[in-house]
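Novice: Heads up: the sequence lines are chains A and B, in that order.
Just so it is clear: in the first sequence, position 113 is 113 by the working numbering, and no numbers are missing.
Just so it is clear: in the second sequence, position 232 is 232 by the working numbering, and no numbers are missing.
None of these hints come from the bench; they were simulated from the model.
Note that the structure is predicted; figures quoted are calculated from it, not measured.
Be careful, since some hints might not be right.
[Claimed, not checked] Stretch-level coverage of chain A by chain B, calculated; a stretch enters the list once three of its residues show a Cβ under 8 Å from a Cβ in chain B:
1. 10-18
2. 32-39
3. 43-51
All residues carry an ideal CB built from backbone N, CA and C; glycine is no exception.
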Amino acid sequence: MKTGVKLTKPGLSFLGLIVLFYHFSLISEIGLLFIIIGIILGCYVINLISAYRTIKSIFISDIGSIRSVEKSKITSTIEIINDSNSQSGFLHVKSSYGILFKINSIPGKTRRHIAPELIFRKRGVYEIKTLTIESSFPFGLITVCTSINAKGEFVVYPSVYDCYPPKAAGFEPMFGGSFSGKHKVPYGNEFAGIRPYQSSDSVKQIQWKASSKGLGLMVKEFTEELSGKISFFIEPRHIVLKNNESVGDLAVRAAGSLILSALDAGHNIEIIDAAISQVINIPPFADPDVILEYLSRLKETKHSYKKENIEAVIFSISKVSSVCFVLSANDDAINENIYSLLDSGRFVNVYLPHNTVNYKNDDLKISDRMVSMLTVHGAHIKFYGEGSIL
Amino acid sequence: MIRKIDDPRNLLILTGFICQGFFNENYYVPAIFMLAWILCLKFARKKQFISQTLEFLILLVSLIISVSLAGPGMFTKCFSLGNGLVVFQCLRMLWPIDKRSKYYSIAIALTQIAVGSQIILGYSFIIVISAIFLLLPKSLYNLQAEEENPSYDSFSRDAYWVFSHKLQYFGIALVTILFFVLFPRVKVFSTLDIYGFNKRTEITRPALTTSLSGDAQGDEIIFRIYGKNIEYLSLFSLDTFDGNIWTASPASFLYRYPNFPYSNSENYEYRKVDISASNFNSRFLPSDGYVTKVRGDFFYEPIFSQQGNIIISEVLGAQNKYYEYWTIKPSPILKMNSKDIKRYLQHPTVSAELKDLLKNMIDRKKTQYRKALELQNYLASNFTYEVGGPELDNKNPIDDFLFREKKGHCGRFASALAILLRLENIPSRVVIGYYTNEKNLFGDFYNVRNSNAHAWVEAYFKEKGWIILDATPADQRAFGSYMAGSESLYTMVYDFIEYVWYSKIVNFTSSDQKIMFESTFNSFKSIIPNISIKTLFYVALTFIIIILVFLFRKVLLFNNDKQKEKKVNLKYANHFYGQMLKLLMRNKLIRRSNMTPLEFVDFLESAKYLGIDQARLITTAFCKIKYGEKTLDMEERKEIIASLEFLKRIK
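Extracted from the complex, chain A is given alone in its bound form:
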C-alpha cells in the first residue's frame, strides 16, 4: 500500500500567500501576522491529518463482478465502511478507468452502499486490480492518496435495442412455444375446441361437461405449440469508425438484440463461436444475462477466421435451424460457407453494416458486389446501424 501527499491548486496558492506573509512579517516584525500565518498553516496541518485518517479508516468491500451496460450508469453498489469514530469525506475512489465514485461525507462507524459513477463507453470486461483512495478532507488544500489492492471486474454488456427476431426454421413442438402448428394436441395452453371421442384418445381427455349434453363422449383439443431454431454466427471484426467506435461492437450489439428478441419469441438459440470452434446452446426464455455476459466477453478479431474452422463449427450446428450471420466485414471464407449452406437448402439471414456507418477507411465498407452475390444465392440480407436494425 503506497501513500502519497500532494498539494492541491488552492493549497499551492495559499502556500504562496503564506510565504509572502512570512516575508512581510519578517520585515515589519509585527507578531500579529504570525498568528494569521499560523491559522492558515493550522488548516494545512488539520487537512493533512484528517485526510490521512480518512484514507486509513475507509474500507471498500469486495467489488466482485459488477454488471453494467455500455454508456449507462451502473446500478450495482459497492459497500464503503468508515471504521473510524469521526466523520470522513471528500473521498475520491479511482480505478485505472477513471473515478469510480466520490463521497462527500460519511459519518464515523457507518456503512454506505454507493453505485459507481463510472460509465463505460464500450462493452467488455474491465478488471480491477488496484484502487486509489484520495481525500482532501476537510479544506481541500492537501490531498492524501493511497492505493489498495482490490479484486473485481466490471462486465459491461452491449447495449441492445428492440428489433424483430430473425426468421427461424426447424420448428419443433415445445410446451410454451410461441408458434402455432397445423396439428391439434391433447394438452397445451391454447384451447382449440372439442371433438367426438376416438378409441385412441385417453380417458383423461374426455370433457364430461360437453359429453353430458347427449352428443356422445367429447374430448378437448389444444393448438400445437412450436419453437424454432436459429444459429447465430457473429463476426466482430475490429474496424475503427469515425467516431472511434468499432464495427465489431456494432455487430455485437446487433447480434445481442437479435438473440434476445429471438429468445423472447421462444426460439432455441445456438451461438457459433468460431474463435474457440464451439457451439453454445441456449434454450428459449433463458436468462438474458448469460447471453449478454457471453457477448460482453466476446473479443474482437483483427483478422478473418480460417475457412476450415468455420466449416468445422458450422458442421456441428443443428441441421434444421436457420442460420443468422452477423458480419462486420467482407470475408470470402464466410461467404463461401454461406453459399454452401444456401445450396443445401438452409435458410440464411445475413446482417451487414449499413451504408450510414461511417468508416474511417471507406475501403473496408461492405461492397455492393458482395450484397448482390449473397442476394443472388438466396440469402436474406438486412443491415444494422448504430442502435437499430434497418
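Let chain A serve as the given structure and place chain B on it in line with the hints.
Specialist: Relative to the frame of chain A, chain B by itself:
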C-alpha cells in the same frame, strides 16, 4: 440576504474590508466599506451584468486611483492597493463567481487582514483573529464541499462543521500557537530600507538650566521596559557647566565604534523597550548600564556616545515603536585619558562660601568615593525636593540653591552635586533620563511614566569606573501624583495584559523566543542540574506526545461512551420491535424483508389490524432510536411496554 450574510466567505471579505479601511486611519472609510459590502449583498444578481472588459477597466482605474491617492513610500502605496481590491471584491459580490474566483476572494481578504495587522495593534485585533480562526476553515470547507457536491447547501446540518469538529479547531489553535512561538524569525531586511529612510540630521544639543523651577509632569506611561534590576535609564549626559546651564560638549558625541572593547562579551543583559507614547520622538533612547548593541525598526543606524547613550537618527513615524538593547551591568571600568578627566573636572569660578562649605563638611582623610557619598547624603538629607518653586538667581544658581532656597527639582540636586564633586577633584557629569521603581507584580517589566523624568550624577573613580550618585531624597525620586507601590491589583493585571499583548504578541521577536527557550531551559536546569539541552529536548518532546495522546484518548473515550450508549439503545429498540413482530406473526401479519418499518405499519393499517395505534407507536420509537440516534425517556418506555401488553391481548 441572511443566507449571504451568514456565508463565512462573505464575512471574511467583510473582515478584510474593515482591516483595509483602518489603513486610512479613520473610522469613516471602514464604515463606507461596510456599507458597500451590505449594498453589494443586497443588490447581488444571478448573472454577471457587466462585461469582463468593463470589470477589468473598473479594477484598473480603482487601483490607479488608490495608488495615486496614497502617501509617499513604497509600503504605503502597496497598502493602498488594498483599497482598489475592495472595489474588485465588491464587484465580485454582485454576481455568482466560479470556485477559483472564490479562492481569490479569500486570498484578497486575507491580504487585507494582513494589512490590518500592521495598523490595528490594539486589542481590537483579537476580534479579527477570532474572525479568521472561525471563518477561514469553514470557508475552505464550504468551497471544497461545493466542488465535491454542487448541490451542497451551506445551511445543511453537515455544513455546521465549526460546531461538530471542535477537535480540529483545537488543532488549528495549537498549530497557530506553536508556529507563533517556535517558528524562527529571521530578519531579511529592514523596513527602513523599504522606506528609503537613511538620512541623518544634526542633533540639537541637550541642556539643563539649573535656575529654572521646572514643571510637574503627567503620569502617562511613555514606555515599558523588560528586564531585571532596572532603576536609572539615562538619555544623555551633560559635561559642561557655565555656572547655570549644563550642556553636552562636542566631545560627548564622540562615538565608541569601531573600537568598542566589549562587543564580544557574553555577559549581556537583555532589555526590550515598548514605547507607548505616540508622540515619542526623542533622538536619545533610554538605556541603562553600558549598552553594547541596539536593535529597532523606527530609527536608522543607532550610534553610541562616548558616555554610553544611544543616539539615533530621525525617529520614524511608525505606529509600533520598540527597540531592544544588550547592556553590561555594572558598567565596565574604562580608563580615561587626561583630556577627558580635565573636561569632567572643569567648573566656573565658585564663591568662597561654597569652598568653605566643602572645607568644613568633607573629611580630607576619606577616599574619593567616601567623599562623594558624603556629599550625596548631605544634599539628600538637608535639602527638600520641590517642583515649580521659585526660580534661582541665574548668575549663581548653585549658591542660591545651597545657601538660600535649599529646595528644588532633581536637576538642581544633580547640578549642585556635580559641581561639589568637581570641586573635590572627582570627575562628574549630570545625567538626564528616567528613574523607575514601578515593577509589575506578574512580569519582569517596569512602567516608565512622564513623571519619572529625572536627573542624577555619574562620578568617575579610578578603581570603580563611572558610579551613579543621586542627591535627590530617595523617597521623592519617583515623582508626580503616581506613586509606585500604590497600584491596585486591577492596575497591575491590566498593565500585565497590556505588556503581554504588546511585548509578547504584537512585538514578539527572535530575542523573546531565545529568552523563552533559555528561561525554560534554565528552569529545568535548576531542577535537574546535569541536564543537557538535548536531553531536555527529548523530555519536552515526550511530554508533548503524552499530552497529545492523552487529549486524543480523552476524545476517543468520549466518543466510545457515545457509541456504547448508542449500542445499548439500539439493542433495546431491536428487542421491543422484535417482540412486536413476533406478536404480529401470531396473527399471521408478517413483515416481509423488502418492507421498511413504516411501510409495514401502513400494511397493518390496510389490513385493519386492531392494534394499529400501538404498532405505530412502537415503530416510531424504533425508527427514532435506530435512524434518529435518539434516546427514549422513561415516559416513552412505559408507553412501549403498555403497547406490547395490549398487542399480547389481541387474538
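Novice: Confirm or reject each hint.
Specialist: Verification of the hints:
1. 10-18: Result for this restraint: holds, n = 4.
2. 32-39: Holds: 8 residues of the stretch 32-39 of chain A have a Cβ under 8 Å from chain B.
3. 43-51: Three-residue rule met by the stretch 43-51 of chain A, so holds; n is 5.
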